[in-house]
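Trainee: Residue numbers (the numbering used here), protein chains in the order written: chain U, 1 to 425; chain R, 426 to 840.
In case anyone wonders, no lab produced these hints; they're calculated from the structure. Where hints are given, some of them may not hold.
[Stated by the list, open to error] Footprint (simulated), chain U over chain R, 3 or more residues, beta carbon under 8 angstroms:
(1) 436 to 449
(2) 665 to 675
[What the hints assert, rightly or not] In silico DSS-like cross-links for lysine-lysine, where the CA-CA straight-line distance does not exceed 25 angstroms:
(3) U:Lys67 to R:Lys696
(4) U:Lys334 to U:Lys277
(5) R:Lys706 to U:Lys190
Small disclaimer: the values here were computed from a predicted structure and weren't measured. Think of the CB as a built atom: it goes at the ideal place given N, C-alpha and C, for glycine as much as any other residue.
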Amino acid sequence: MINRRQAPLITTPDTLELRNPEQAALACGAPVFMFEAGNQEVSRIDFVFDAGSWHQSRPLLASFTNKMLQEGTTALTPAQIADRLDYHGAYLQLECTADYASLSLYCLNKHLNSILPVFMSIVQDPIFPDRELNQLAGREKQGYMVNKEKVSFQARRHFSRLLFGSNHPYGASAEAEDFDFIGGRADLLKAFFEAHYKQAPLCVMISGRDTEATCDRLMALCEDWEVSDSSATAAYHAVNGTGEQRLMIPHPGAIQHAIRVGKTTISKTHPDYQELKLINTLLGGYFGSRLMANIREDKGYTYGINSSVTTYRHDAVFVVGTEVGAAYSEATVKEILKEVGRLCTEMVPQDELSLVAQYLSGVLLSEFDGPFALADRYRDAFLFGLDFDYYRDFFHLLRRAEPLRLMHLSQTYLSPDTLKVVIVG
Amino acid sequence: MIQFTDKILPNGLRVLIHEDESTQLAAVNLVYNVGARDEEPDKTGFAHLFEHLMFGGSEHIPDYDAVAQAMGAENNAFTNNDITNYYLSFPAYNLESALWLESDRMKALTLNSKSLEVQRSVVIEEFKQRYLNQPYGNVWHLMRELCYKSHPYQWPTIGKNIRHIEEATLEDVQHFFDTYYRPNNAVLTIAGNVKTYQVLNLVERWFSDIEPGEPVVKSFTKEVEQTRARTHYHYAEVPADMLVMAWHVPARVHQGYYTADLLSDVLGRGKSARLIQALVKEEPIFSSVNAYVTGDIDPGLLVIQGTLLPEINMGYAEQAVHGEIKKLQDELITEKELNKIRNQLEAQKVFGETSTLNIAMNLGFAALLGNPQLVNSEIQYYQAITPQDLQLAAKRLLASHRTNTLYYFSKSKNA
Chain U
1 MINRRQAPLI TTPDTLELRN PEQAALACGA PVFMFEAGNQ EVSRIDFVFD AGSWHQSRPL
61 LASFTNKMLQ EGTTALTPAQ IADRLDYHGA YLQLECTADY ASLSLYCLNK HLNSILPVFM
121 SIVQDPIFPD RELNQLAGRE KQGYMVNKEK VSFQARRHFS RLLFGSNHPY GASAEAEDFD
181 FIGGRADLLK AFFEAHYKQA PLCVMISGRD TEATCDRLMA LCEDWEVSDS SATAAYHAVN
241 GTGEQRLMIP HPGAIQHAIR VGKTTISKTH PDYQELKLIN TLLGGYFGSR LMANIREDKG
301 YTYGINSSVT TYRHDAVFVV GTEVGAAYSE ATVKEILKEV GRLCTEMVPQ DELSLVAQYL
361 SGVLLSEFDG PFALADRYRD AFLFGLDFDY YRDFFHLLRR AEPLRLMHLS QTYLSPDTLK
421 VVIVG
Chain R
426 MIQFTDKILP NGLRVLIHED ESTQLAAVNL VYNVGARDEE PDKTGFAHLF EHLMFGGSEH
486 IPDYDAVAQA MGAENNAFTN NDITNYYLSF PAYNLESALW LESDRMKALT LNSKSLEVQR
546 SVVIEEFKQR YLNQPYGNVW HLMRELCYKS HPYQWPTIGK NIRHIEEATL EDVQHFFDTY
606 YRPNNAVLTI AGNVKTYQVL NLVERWFSDI EPGEPVVKSF TKEVEQTRAR THYHYAEVPA
666 DMLVMAWHVP ARVHQGYYTA DLLSDVLGRG KSARLIQALV KEEPIFSSVN AYVTGDIDPG
726 LLVIQGTLLP EINMGYAEQA VHGEIKKLQD ELITEKELNK IRNQLEAQKV FGETSTLNIA
786 MNLGFAALLG NPQLVNSEIQ YYQAITPQDL QLAAKRLLAS HRTNTLYYFS KSKNA
C-alpha cells in the first residue's frame, strides 16, 4: 500500500543552463542573433526597429505605419502578399509598442526560399496605399469603439494618463477622431517609415532549426539594403502626470468595476530591479500570490487579480489590476493597500519566500523552452542593453534573497501612500 | 509523426506517454470525459464550477497549488461542453509530484462548504466579467438557444444563468465527483523529457489503487434535422451591429466534420480567405469577420461571425455572406486554393508540435474521441478531401433552410 502522505521529493534546478546565441551582422550593421533549438523544421525571423510611438508626432502614427507594412509593396499588392504567405502556411505578426516596432515571420523551413523575398519586400518597400489605409482606419476605429465599452480598457487608459500625462507616449491614447484623421494621411506614414524603418534594425532574431543557413540567405538578401545613419536624435518627452491620487471614472451600466493601483518605478537596468520583481511575484505575480489568496480565494470578490512591473525604455510601471463585483470595489482597494502595506512592515516568512523562489526557478526553465521562447527572452534583455546574464543573475538572486532587505526595498518602492488609484465603473 | 505508448490500467485509466528529449520540461494532462453537455437543464454551469472545486485540496494534499508551485509548475484547467481538462507543465524531474497531485484528487477530493461558497462567488464574478460586462458577451447564450432545441449544447459552459450557480449544493458536487471523476472516465497523458518505463512505474504506483466507478453511459437527446431557417433579433448597448450565422455540421469523428472544417477554412482561414478578401478588403462590409467550426464531439456548428461597418445595413451584409456561400455551392474551388489550405493545415500541425503541452492535450483528446492515432492520421482526412466533396458539403450543410441567424443590433445605431 502506498503512503500518500509521503510527498515525492521535489527537485529545484541549481543552475540555469543557457547557451548564448550565435551572432552575425547584416551589411547595414544590424546584429543578428541565432537560437538553434527544437525538433521541428520551422523558423521564426524577427526584425525589431526603433519605431515605436515614442517617435510619433500624432496619435496612431507609429502603430498604423507598422500595420500598413503588409498592405502592399512596390512589388506586391496586399492580396498577393496575403496569398503568398497563406499559400505556404506562413504568417506574419506585426507589433508596435511605445518603444519598438517589430515584424515576425513564422515559416516552415521548406518554404523559406519562397517566402523570404516576400518578407523582405514588406520590410523594405511598403507603399502605404490610400485605399487600404482608409479601410484600416475604419476597421480600427470600430475596434476602438468596442474596446471603449470595456471597463478594463478604460481603467488601463486612465491609469497611464494619470501617471504620464496625455501628451507623453506612455500616457497617450487615441480618440475616435484620431482614426478619421490618420486614415487620410498616407503622407505622414511614408515620412514616419522613411525616418524610422530606413535605419538599421536594432536587432534581428532567427530561431528554430538550420538558423545559420537562414542567416546566410538573409544576409545575401540584405546585401544592398540602403539605410541611413541611425543618428536621428531621440525625442524627449517630459512626464507630466495629472497629479491626482485617486480617480473615479463613471461607466454607466457596469456591473463590475475595473481597478488599477500603482505608480511609476525603477526599470530593468536598476540594481534593485530584480528584487522588486521578486516582491511583485509574492504580491500578485502568480496564482498563489497574496492578492489572489486574499481577494479571490478567501473573499471571492473577483475572477482574478494580479500585479506586474512593466518596463519601458525610459520608465517603468508597477500596477495591480483587477475587475470586481461593483459592490466590492472599495473593499478591494482597501485590501490591495493593506497587502502592499504588509510588504513594507512585515518581513516575508522564510517558507513563503522559499516557495516563490522554487516556483520561479521552475518557471524560468519553462520560459526558455523552445527556440521562440529563447529568442523572446533574449530580445527582452537585449533591448535594455542586457543579455542572458540578466536571467542567470535572477536565478542566483532567488537563492540568496533576504526578507529584511525585501522589506526595506518595499518601503523604498511600494509605500502605500505613494500609490495612485483608478476605479472605472 | 508523434510516437507514443498507449496503456490501460486495470481500473480503466487510459495512459499515453510521449518522449521528447529536446526539452527539459514535462507535461501532465488529465482529461475527464465530462462537460456542460452532461448537466441537467436546471443545473447548468455545474461542470465548470466543479473544475474550480478541484483546486480546493484533497485528502493528503490540503493545498494543491502550493505543491504545484513548489514544483515550478504552470498549471490550469478548462471546461467546455464536452470535456474538463487539467494540465501541468514543469521541470521534468518533478514528474512524480505531478502524478501524486493528480492521483490524490482523483482518489479523494476534499469537498467542503467554504470552498464551495468561495468558488461559487468567484465563478459568479467570472460570469459577470466574461459574459455580462462585455460588449457582445451574451452572443453565445443567444446562439446556442437558437441552434439547439433538444441537445444539451443549448447552454454554454458558464451556465444558462447565474441562478443555477447560486443554487448548487454540496450533495450535487459529491454526486458529480462520484459519477464522473473516476479513472475509467479519464485519460492521462505524460509528454516531455521522460522515460516511458519509468513513467509507467510511477503511474501504476500512484493511480492503480483508485477505485473505478460505474461505466458512464452517455445518451444525449439528438437534435432533430432542421427544416426551416431560424432567426433571432437582439438589441443591446453595443457600438456596432453584429451578424452571426450558424449551420449544423457532423460529429467530430465523422468524415463530414473534416469537410465542414475545410469549408470554414476556405471562408475564413488567414488574410487571403474568401470572406476577408471579398467582404473586408474588396467591398468593405465588415470590420472583422471570421468562419470556423466549433469542433464539438457531438454534431456541432459551422459559424460565420462578423461586425458590420457603421454605414452598412444588416440585410445587405447578410446577402453578401449568402453570396459567398452560393459561390461555394455553384463553383468548384480550384486545386490551387485547396492546396493553400492543405499547406496551412500542415504548418499549423508542425508549429503545434513545438509545444509538449500541446502534444499532450491533443493526444488526450484524440484518445477520448476513441483513437489517439488521430494526432497523426487526421491530416490525411483533410488531404483526401476533393473540390467535389467541398461543393457537395456546401450544398447540403449550408442549405438556406438549415441557417440559424442572429441579428445583434446596436441600440444606439438603430434608435
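Trainee: Evaluate each hint against the coordinates.
Mentor: Going through the hints against the structure:
Taking a C-beta to C-beta cut-off of 8 angstroms, the segment 436 to 449 of chain R contributes 4 residues in contact with chain U, enough for the three needed, and the coverage statement holds. Here the segment 665 to 675 of chain R counts 1 residues with a CB under 8 angstroms from a CB of chain U, which misses the bar of 3, and the coverage is violated. Taken as a hint, the Lys67 of chain U and Lys696 of chain R pair is honoured in the structure, with Cα atoms around 13 angstroms apart against an allowance of 25 angstroms. Of the supplied pair hints, the one linking Lys334 of chain U and Lys277 of chain U holds, its CA atoms being roughly 23 angstroms apart against a limit of 25 angstroms.
About 21 angstroms separates the Cα atoms of Lys706 of chain R and Lys190 of chain U, which keeps this hinted pair within 25 angstroms; it holds.
The earlier numbered hint that this structure contradicts is number 2, and it is the only one.
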